[in-house]
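Mind docking chain V on chain Z? Use the hints.
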Amino acid sequence: MRKKKFDSFPYLLLIPAVLMMLAVNVTPIVQGFYMSLLKLNQYTLGQYLDAPFIGLENYRRVLFENHSPIRAGLGFALRNTLLYTLIVSILAIAIGLAVAVLLNRDFPGRNFARTLLLLPWIVPSYVVGSLWGFMWQRDVGIINVVLVDWLHLFNERPFWLLGSNSFWAIVIPTVWRAWPVMMLIFLAALQAIPEDQYEAATLDGVGKWKQFFHITLPMLKPVIVIQFMFQIIDNVYSYNIVSMMFGNGAGHPGEWADLLMPLLTRQSFSYWLFGQGAAVSFIMMLLMLIFVGVWMKSFKRSMTSDE
Amino acid sequence: MNNGLTWTVVVLPLLPILWMVLSSLRSYRDITSGDQLDTSLPFQWQNYRDMWVNVDFFNYFKNSLIVCSATTVLATLSATCAAYALARFRFRGSDSVSVGITVTQVIPGMLFFLPLYMLYRNIGESWGVQMLDTYHGLIFLYVALFTPASIWIMRGFFISIPRELEDAAVIDGCSRFGAFVRIVLPISAPGIIATATFIFLLAWDELFFAWVLTSSSEVQTIPVGIRLFIGQFQNRYDLMMAAATVSTLPVLIAFFACHRFFIKGLAAGAVKG
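So the protein lines, in turn, are chains Z and V. Heads up: the first sequence begins at 11 in our numbering, then just goes up one per residue. Heads up: the second sequence begins at 855 in our numbering, then just goes up one per residue.
Bound conformation, chain Z alone (with noise of 0.2 angstroms):
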C-alpha cells in the first residue's frame, strides 16, 4: 500500500499569505542585513546590492561615531522612545483596566456608553496627531484657553510643541487613543471571571479593593502581560502622531518629542545613508527580539495558565 496521500489542500490555501509575508517580512530583513554591510549612499544608490561592501562599518558609525550625521539626535530620539513607550503603554493599561471595572455593572446604556469610549480609537492617528496639534498651539489652542484662562493655572500661555512640554505634548494624545483598546479587552476578560468568586468574597467580608487586588487582578494577569508586550512593541514604532503634530514629516519635532523611527525616516531620506539606515534597523530589530524573548519567558507560566 502506498503511504497516506499528500494532502495539498491546506498548503493552497495559506499560498497567498505566505508569498505575501516572504515577500514583505522576510525578504526585506535578508536584504536590509545585506544592505547594513554596503556602503549605500546617494552616489551608489543606483548600484543598489552592489555597492561597495564594506563589512560592519555602518555598525562602528551607528554606534560609535559621533559625527556621523545619522547620529544627530538619535540619544534624545532614544530616551524619547524609551520613556515615551513605558509611559504610554503603563497609562493605557492602568486607565483601560481602571474604567473597565467601573463599567463592568449594569447600568442604562452600558452598551452606548462601551461604543462611544471607543470613538478616539476609531479616529486615525493622522487626525489625531492634527488635531492635538491644533489644541496644543500656544495662543489659539483650546488647552491654553481651559488652563490659562479659565483655570488660571499659568499665568502667561505656556509653549506646549517646544521643549519638555512637548514630551507630554506626544503621550498625551496616544494615551487617549489607545486605553479604549484596552478597556474593551479588559472588560471582556473582567466578564469571564466567575461571579461566585466575588459572592463568596463578599459573604467573607472582604472589601471591594481587596477583591481587586485579590481576585480580579491575578485572574487579569495574563491579558494584561500580553497587552502591555503588544503595547511595548506598538509605541516603540510609533511614527504617525508625531510626524503629523510636528512640521507634517518633515520639520523637526525637537529635543523632547522626536522619536526613533520619525528619526530614522527623516535622517535616512535627508541624507540617503541608507546603509547605516539599514544598521540601526537592524540594531532595534535585535532589542525587540531580546525584549520579546525576555517578556515571554518570564511570564510564560502566567501566559499559558488560562488555557
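In short, the hints are calculated from the structure, not lab data. One or more hints might be untrue.
To give an idea of the interface, some chain V residues facing chain Z are shown, with a C-beta separation under 10 angstroms as derived from the structure [said to hold, decoys possible]:
#1 L859
#2 W873
#3 M874
#4 S948
#5 N976
#6 W981
#7 V983
#8 L1055
Using 30 angstroms as the maximum straight-line C-alpha spacing, the simulated DSS-like pairs for lysine-lysine come out as follows [unchecked claim]:
#9 V:K916 with Z:K310
#10 Z:K231 with V:K1118
#11 Z:K218 with V:K1118
#12 Z:K310 with Z:K220
#13 Z:K310 with Z:K231
#14 Z:K220 with Z:K231
#15 Z:K231 with Z:K218
#16 Z:K307 with Z:K231
With beta-carbon atoms standing in for the labels, derived distance ranges [stated by the list, open to error]:
#17 V:R1036 with Z:W178: 49 to 57 angstroms
#18 V:C1028 with Z:W178: 58 to 66 angstroms
#19 Z:N51 with V:R883: 47 to 55 angstroms
No residue lacks a Cβ here, since even glycine has one placed at the ideal position from N, Cα and C.
Then chain V, alone, in the frame of chain Z:
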C-alpha cells in the same frame, strides 16, 4: 452618584472630538482671534465646501477609498483562507507559519522600510514593473502588512465552529473546498465582517508607507494630502478640522455599521492572545 461618575468618564474623552467638529465650523478669522468658543458666532458651513477647493482634497479622498477598499477585500480573502488552513489542519510547516505570523507582529514591515523602498525601486528598474508611486504597489504592501494579524482574528472564529458540519458535508459528497465555501464561510460571516472592518480601519489609518512609497498626488492618500492645509503657505486650521472630520466619517460609518460583530471579535481575539 456612581452613574454620574460613569457618564463623566464616558463623555470626557469625547471632548477633543467635539472640539474638532466645532472648530471645523468656525471661520478662519474666529480661529486666529481665539474666539472659537463664542457661542453667538454663526456656524461656518462654508468650510465644508472650501476644503475641497483650497486643496484638491477629493483626489486624496478618492485615492484613500480605492486603496483601502482593495486592501480590505484582498487582505480579508487571504487571511480567511490562511486562517482556515491553520484552524482545521495539522500539516508539516503549520507551526512555522504560526511562529512567522507572530514574528511579523514583533518586527513589523515598517522597521525595514529602507530595503522595502529599495526593493520597490529596483523592481521598477530591472523588471519594468512600476511599484513606487502606484496604487498596486501600495495595495500589495497593505495587504501583506495587515494579513498576519487578521489571520489570528479569523482563526479564532473558525476554531469556534463545530467541525461536524464540514464532515457531514464532505460525507454527502461535497469537496472540501466546496464545504469551506458553502458551509463554513456563510456561518463565519460575522467573523469575516469583523475582520474586514478591522483591516479597513488599519488601512485608512496608514500613514507611514503612504508617505514613503509615493511621490505624486495621483496616488497619495488622505494622511499625505491633509498636511497641505498647514505649512509653508497657509495655516488653515478651520479647513484642516473640516477635512479631519470628513476623513473620520468613513471609518466611523464602517465602525457603526459593524460594531456588534467587531467589538465581540476584537475582544475575543485579543483575550485569547
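Going down the list of hints, with the structure as the test:
no.	hint	verdict
1	L859	7 angstroms, holds
2	W873	6 angstroms, holds
3	M874	5 angstroms, holds
4	S948	7 angstroms, holds
5	N976	6 angstroms, holds
6	W981	13 angstroms, violated
7	V983	13 angstroms, violated
8	L1055	7 angstroms, holds
9	V:K916 with Z:K310	46 angstroms, violated
10	Z:K231 with V:K1118	21 angstroms, holds
11	Z:K218 with V:K1118	28 angstroms, holds
12	Z:K310 with Z:K220	26 angstroms, holds
13	Z:K310 with Z:K231	12 angstroms, holds
14	Z:K220 with Z:K231	16 angstroms, holds
15	Z:K231 with Z:K218	18 angstroms, holds
16	Z:K307 with Z:K231	15 angstroms, holds
17	V:R1036 with Z:W178: 49 to 57 angstroms	55 angstroms, holds
18	V:C1028 with Z:W178: 58 to 66 angstroms	60 angstroms, holds
19	Z:N51 with V:R883: 47 to 55 angstroms	48 angstroms, holds
Hints 6, 7, 9 from the earlier list are contradicted by this structure; the remaining hints agree with it.
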